[in-house]
Amino acid sequence: MIDQIRRAYAIAKKDVRIYYLKGPVIIFGILSPAFLFLAFMIGRDLPVDFLIAGLLGMTIFFTSTSVTPVIAPTETQTRNLERLAAAPISVTTILFGDMLASVLFGIVISLVPILLGMALGVTIVHPFILALGIVLAAFCFSAMGLIFSSTPTSMTSTVMMLSTMVKFPLVFISGIFIPVQELPSWGQALASLSPLTYITELCRYSFQGACHYPVMVDIGALLVFLIVFMVIAIKLHERSLPKRL
Amino acid sequence: MKNVIEVKELTKHYNGLTAVDHINFEVEEGEVFGFLGPNGAGKTTTVRMLTGVIKPSSGSVSVMGFDLGRDPIRAKETMGVVPELSNAYTELSAWNNLQFMAELYGVPKRVAVSRAEELLTKFDLYDRKDHAVKTFSKGMKQKLITAMSLMNDPEILFLDEPTSGLDVRSARLIKEMVRELRDTGKTIFLTTHYMDEASQLCNRIAIINHGRIAAIDAPEKLKMRIGGLQYVEVSFTAPVDVSDLSAMSGITRVRTSGDKIQLYTEEPDRAIRGLVDYSRSNDREIVTLNTLTPTLEDVFVKLTEEE
Ligand SMILES: Nc1ncnc2c1ncn2[C@@H]1O[C@H](COP(=O)(O)OP(=O)(O)OP(=O)(O)O)[C@@H](O)[C@H]1O
Ligand SMILES: [Mg+2]
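From first to last, the protein sequence lines stand for chains A and B. Here the first sequence is numbered in my numbering, starting from 1 and rising by one per residue. Here the second sequence is numbered in my numbering, starting from 1 and rising by one per residue.
No lab work stands behind these hints, which were simulated from the structure alone. Being a predicted model, the structure only gives us computed values, none of them experimental. Idealized CB from N, CA, C, for every residue including glycine. Any given hint might turn out to be false.
Claimed, not checked - Quick partial rundown of chain A residues pointing at chain B, CB under 7 Å, derived from the structure:
# : residue
1 : D3
2 : R7
3 : A10
4 : K14
5 : T78
6 : A85
7 : A87
8 : P242
What the hints assert, rightly or not - Capping the alpha-carbon separation at 20 Å, the derived lysine to aspartate or glutamate pairs in EDC-like fashion look like this:
#  : chain 1 : residue 1 : chain 2 : residue 2
9  : B       : K109      : A       : D3
10 : A       : K243      : B       : E103
11 : B       : K302      : B       : E266
12 : A       : K13       : B       : D130
13 : B       : K223      : B       : D269
14 : B       : K2        : B       : E29
15 : B       : K55       : A       : E238
16 : B       : K2        : B       : D217
17 : B       : K221      : B       : E161
18 : A       : K13       : B       : E103
19 : A       : K13       : A       : D3
20 : B       : K175      : B       : E161
21 : A       : K22       : B       : E91
22 : A       : K13       : B       : E197
23 : B       : K175      : B       : E197
Go ahead and model the full structure; you've got the sequences and the hints to work with.
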């Protein structure tokens, strides 16, 4: 068990070295939330702390879901996968390592909107909740990325297209641009199905001191999503790995 | 002798196609075991099942006493693998690739550093150790991949066509390494299309065809096993009528190849006497005369012939 954790860490280290600077990671992870946010913000008069909370939620979402989908198709194409499959590690270990690299990316990049917010005079009312939320959400979204990458293909673009088709609609139903409490009841029902809703909630709580759901519900929901995503990802990857060789 | 690999009724189906069909064999400790077969015979599929990369449809494999189905992690820790088509991480340096392997196999850092230095030196890559692998030539990559498979000091090494596409010197280096490893008591499972490589290196050879094992034996015994394949090769100063030669006693088959005539026979001695008589009575001078025993290639061709 401890051995497997160490080996997952080795995989994460390798991922950091190779994948952080790949084109799709930069484009889908950093540029797309930035543009989406600007497009939404321009010409509207909204409080800064509301905006920063939304930006932060979106940043964690996009960055954490951008690394994991790139790894499996790339390694299929470059033929590194058979090596990993022959190594004394389980599929779970490989996925856990990939997830770790992705989480780290999400956390580091999410510091940007936080610092931006602080520069604009936003105060963090609940730093501990914020930190917990960011870490939890980064894990949750990385696991979500792993589900996309279980498609047995060597084309990164296929996986990216698939993930974009899911990710963009999620942004619009997750209370980023309009807080959950202001949504109609069908909108609220829809929002409750998106993990992004709960981290946005936690960001609002941390910056503005209040949010719609109780904090424990938000944290619990993220945990549940994380576990569900991880279980699905492991099952799917166990099935698709042999098809990639 | 202890069996380090035991394969029982191993089978793999790929939607309707049986790539490997109920094969059984054992590999003993310290032997170089050759695995030969035509393209698509099921060699790589077998190696993948033996190394735990894919799961068999049925049957079992145990390596170093660990059942690959039940205890894959422990089994895999004892092996080194050079897959048929594989690559190092091209963005990483040779050094980082080796260290990554060490970490995956749980080799302590200090051991890993000295082993990597040793292997890089041995494979002539030491002065390129900090360069990204994408700047390497094909041969250099193959040597690095071989070095990577040795980072955990495996008891068993699986090599799937390790010398294909390598120049003579690099291929020799790899063959030399196989001999050295064998001399230190390691077991090697070698897949290759090069017959001379197999007959030079292997203690035993299995020939696989259409997913079934056609024969397993020591190379020399395999050659003896197919009778009628010894032949006498002769050439004359002037053309001769081949049908006269095939009428000679004890000749089973006649083949011409260029100006040479090959007479297949169970009794080379009698064939030679016959040829001498023939040349004398027909006034044809013999230019060359050789007796040839079957090569591994002959055995291979014979055993994998389409019926
Ligand atoms: N992933 C796969 N999906 C479907 N069929 C496969 C797969 N891998 C191999 N096969 C089939 O199984 C058979 C055996 O293939 P295998 O790669 O084991 O042959 P091989 O003996 O290694 O050949 P070569 O000498 O060309 O490397 C072939 O008919 C091949 O088409
Ligand atoms: Mg093959």
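How the hints compare with the structure:
no.: 1; hint: D3; verdict: holds (5 Å)
no.: 2; hint: R7; verdict: holds (5 Å)
no.: 3; hint: A10; verdict: holds (3 Å)
no.: 4; hint: K14; verdict: holds (5 Å)
no.: 5; hint: T78; verdict: holds (6 Å)
no.: 6; hint: A85; verdict: holds (4 Å)
no.: 7; hint: A87; verdict: holds (4 Å)
no.: 8; hint: P242; verdict: holds (5 Å)
no.: 9; hint: K109/B with D3/A; verdict: holds (14 Å)
no.: 10; hint: K243/A with E103/B; verdict: violated (26 Å)
no.: 11; hint: K302/B with E266/B; verdict: holds (16 Å)
no.: 12; hint: K13/A with D130/B; verdict: holds (17 Å)
no.: 13; hint: K223/B with D269/B; verdict: holds (19 Å)
no.: 14; hint: K2/B with E29/B; verdict: holds (6 Å)
no.: 15; hint: K55/B with E238/A; verdict: holds (11 Å)
no.: 16; hint: K2/B with D217/B; verdict: holds (17 Å)
no.: 17; hint: K221/B with E161/B; verdict: violated (23 Å)
no.: 18; hint: K13/A with E103/B; verdict: holds (10 Å)
no.: 19; hint: K13/A with D3/A; verdict: holds (15 Å)
no.: 20; hint: K175/B with E161/B; verdict: holds (12 Å)
no.: 21; hint: K22/A with E91/B; verdict: holds (11 Å)
no.: 22; hint: K13/A with E197/B; verdict: violated (39 Å)
no.: 23; hint: K175/B with E197/B; verdict: holds (8 Å)
In summary, the numbered hints that this structure violates are 10, 17 and 22.
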